[in-house]
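K.L.:
Each residue of the sequence shown is one higher than the one before, counting from 24 in the working numbering.
Incorrect hints may have been included.
Claimed, not checked - Keeping only pairs whose Cα atoms sit at most 25 Å apart, straight-line, the calculated DSS-like set for lysine-lysine is:
1) K180 - K233
2) K277 - K180
3) K180 - K285
4) K233 - K285
5) K285 - K275
6) K233 - K162
These are computed hints drawn from the structure, not numbers from a lab.
All values derive from a computational prediction rather than experimental measurement.
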Amino acid sequence: MLIGATLGGYFSRQFLKMIFLVFATVFALAYTLDFVELMRRAGETEGATPALMAQLALFRTPAIAEQIMPFAILFGSMASLLQLSRKLELVVARAAGVSAWQFLQPGLFVALLIGVLSITVYNPVSAVLKQRATNIEAKVFAKAFQPNGKALWLRQKSIDGQAIFRAEGSLADSATLTGVTIYTFDNTGAFSQRIEASEATLHEGYWEIKDARVLSAVEEPHVYERYMIASNLQPSQVRQSFTDPDAVPFWKLKETIDRLQKADLNTTAYRLHYDVLLARPLLFIAMVFVAASVSLRFFRFGGVAMMVLGGVAAGFVLYVATELMAELGASGIISTMVAAWLPAVVGSLLGTLALLYQEDG
24 MLIGATLGGY FSRQFLKMIF LVFATVFALA YTLDFVELMR RAGETEGATP ALMAQLALFR
84 TPAIAEQIMP FAILFGSMAS LLQLSRKLEL VVARAAGVSA WQFLQPGLFV ALLIGVLSIT
144 VYNPVSAVLK QRATNIEAKV FAKAFQPNGK ALWLRQKSID GQAIFRAEGS LADSATLTGV
204 TIYTFDNTGA FSQRIEASEA TLHEGYWEIK DARVLSAVEE PHVYERYMIA SNLQPSQVRQ
264 SFTDPDAVPF WKLKETIDRL QKADLNTTAY RLHYDVLLAR PLLFIAMVFV AASVSLRFFR
324 FGGVAMMVLG GVAAGFVLYV ATELMAELGA SGIISTMVAA WLPAVVGSLL GTLALLYQED
384 G
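With the hints as extra help, turn the sequences into a complete structure.
P.N.:
Rendered as structure tokens:
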């Protein structure tokens, strides 16, 4: 049975207010810490003014805050339920015949709505701001992009055969790789040569390699100031393949995945991010169920501190499970869809089970 419009609207506003307060608090804290860290990094760097660092921190914070949205839903839902219980409003609602499942409907609706808006509105804005922040950071600190501290790998096919690129990093918003090692193979698949270079830039139809040292099994090593190899890749494809998935707006993720697949580039990180975004509304719903399972005890029974601690522990366990599944999905051990949806589905089922045990025995 659905809850009444008046009572449902009141409960919805309570959920929405507390979730917003938690999220705003974390957003402000993340911004402050990031700004302090950027000022420390800036030091005597030319052009790194406090105003620019403040702008850079503002551009970076939405993407950081997006990662803690599930906790904002969890703690905001716990706070709203505890407040309603402290004011005895839940007691009155129960006395009027409103079950726990009914007064949770507004919270579930708010979580679903926030989840949808976070995908369709918040994520595209945070992705664009993060890309701008990356460009500013690269210009100010002259920094090459290196995702998660790992080397970059790229494979291509051309009229000369196949080539595998390993790079230490890439220049932001460009098709230039730094610290490059290239392994080339002829059309029969036999190893041809190894090329070591400080920098390689992709142009239309070819790679321009600077300060290249070429080694092969049949010739002495040679050093070339400028060396070229053929390529069937487009500069835009290479730039996109080294863009952090968090910096690609939701509405462009599917197009990006299709384009990278056509270029025979690795799309695992982008497919995982896409599936995680799609599963986000269900994850938020799971957080409401978890919050309800530890927050419906009446204040007069005591044990509020243990309830809050239990909610924090449950949220932490769900977060660890989500990160673990993401790692398994990124490494290819399980499919990206399973990695993205399993924590949300299991969290929802466990939260529902706990609530059923409490409410219906």
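K.L.:
Just to be careful, I want the Cα atoms of K233 and K162 compared with a cutoff of 25 Å; is the pair within it?
P.N.:
Since the Cα atoms of K233 and K162 sit roughly 21 Å apart, the hinted pair holds (cutoff 25 Å).
K.L.:
Below or equal to 25 Å on CA atoms is what counts here, so check K180 against K285.
P.N.:
holds, 12 Å
K.L.:
Does the alpha-carbon distance linking K180 and K233 stay inside the 25 Å limit?
P.N.:
Holds - the C-alpha atoms of K233 and K180 are around 21 Å apart, at most 25 Å.
K.L.:
Taking only the CA atoms, is the gap from K277 to K180 under or equal to 25 Å?
P.N.:
Answer holds: K277 to K180 is near 24 Å, not above 25 Å.
K.L.:
Would the pair K285 and K275 pass a check requiring their Cα atoms to be no farther apart than 25 Å?
P.N.:
holds, 16 Å
K.L.:
Verify the proposed pairing of K233 with K285, using a straight-line Cα cut of 25 Å.
P.N.:
violated, 28 Å
Of the hints listed earlier, the one the structure fails to meet is number 4.
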